[in-house]
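K.L.:
Chains as they are written, first to last, in this note's numbering: chain A, 9 to 215; chain B, 595 to 691.
Hints are supplied without guarantee of correctness; some may be wrong.
Stated by the list, open to error - Non-contacting residues of chain B with respect to chain A, defined by C-beta distances greater than 12 Å in every case (computed):
(1) V616
(2) A623
(3) V654
(4) F658
(5) A683
Said to hold, decoys possible - Quick list of simulated restraints, FRET-style, between CB atoms:
(6) B:F658 with A:P181: 37 to 43 Å
(7) B:D624 with A:I105: 15 to 21 Å
(8) A:K157 with B:A640: 30 to 36 Å
Claimed, not checked - Straight-line alpha carbon distances no greater than 25 Å define the calculated SDA-like cross-link-like pairs of lysine to any residue that follow:
(9) A:K22 with B:K671
(10) A:K22 with B:R661
(11) A:K96 with A:M25
The hints are simulated quantities; they were obtained by calculation from the structure and are not laboratory data. In this text, all values refer to a predicted model and were calculated from it rather than measured experimentally. Each residue gets a CB set at the ideal place from its N, CA and C atoms; glycine is no exception.
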Amino acid sequence: MESKDYLKDISEIKDLMNKSSRFISLSGLSGILAGVYALIGASIAYYIVTNSVRGYLILDGQIFAICMFILAMVALFSVVTAIILTTKKAKKNGEKIWDSSSKRLLVNFLIPLITGGIYILIILNQGRYGHTAALMLIFYGLALINASKYSLGDIKYLGLTEIALGLICAFLPSYGFWFWVAGFGIMHIVYGSWMHFKYDRNVIKTL
Amino acid sequence: MSIINNINKVFDHRIRLGIMSVLMVNEYADFNTLKELLGATDGNLASHTKALEKAEYIKVEKQFIGRKPNTRYSTTKLGELEFKKHIDALEKLINKG
């Protein structure tokens with residue numbers, strides 16, 4: 009009798025440890041879509057800036073305001089998509105969308121992210137914008153790594169990639185735009201697809 | 595003999611094992627969180643937390659959040675040690691079988 013019971017005990021212990029400390033219903037598809045939004049936003053911004061009178065971006069003026077608006081829209085669409093798809097997946101997994109594990113995940117994700125956001129706004133106000141893309145990548149990467157402890161561990165690798173891109177970008181500030189496209193666009197699509205095939209598809213198969 | 599000795603009678607129940615599992619990976623957990631995670635009734639959970647508290651494997655803190663009383667639990671050093679021993683013993687038994 010025993011051996012089987014103990015085996016069940018162990019698997020139940022592991023399950024409870026995961027369920028109580030990690031929120032695992034993040035959707036890979038929302039990562040892919042966030043990447044797509046970033047690429048669309050970047051193309052629009054690229055088109056607008058290269059077709060403007062100057063052909064490059066300066067800190068004040070209308071074009072800059074439009075770019076900030078596009079950035080905000082990309083962020084908004086990504087967040088809304090993530091919330092919708094994650095809620096859906098959580099429902100399917102029988103996991104609550106708003107419990108202590110998702111709260112903890114969000115708080116730990118937001119602390120580095122908001123710190124970075126405020127810092128970027130401060131230096132933009134001081135007229136120093138050369139490192140904006142690098143800083144966005146680095147702080148976003150740190151936020152992901154911090155969050156990975158409370159969710160799927162694989163997010164850590166996306167975080168490390170973003171940080172690496174951010175640091176290289178800091179060496180080459182004039183290519184900031186392209187690093188931003190790689191980090192927020194392409195990497196999201198790559199990692200999102202990876203997560204999607206690793207986790208989401210398996211769920212469908214076992215159902 | 596030694597393996598059997600490490601199987602801890604205090605943990606010999608699904609709910610108690612569950613309480614310890616949750617507390618091992620969390621700084622603390624409150625009564626309602628434990629209740630939901632383990633699918634236990636109030637009375638059931640209370641009696642098992644009491645047993646673990648008596649063995650000094652977990653600590654109980656009572657406090658107020660606003661006006662609501664809130665009871666939260668965390669492991670003691672002794673509890674962590676005993677739980678690890680217990681798990682090791684379980685694993686050895688499984689490998690043997």
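K.L.:
Which of the listed hints are broken here?
P.N.:
Failing hints, ascending: 1, 2, 5, 6, 10.
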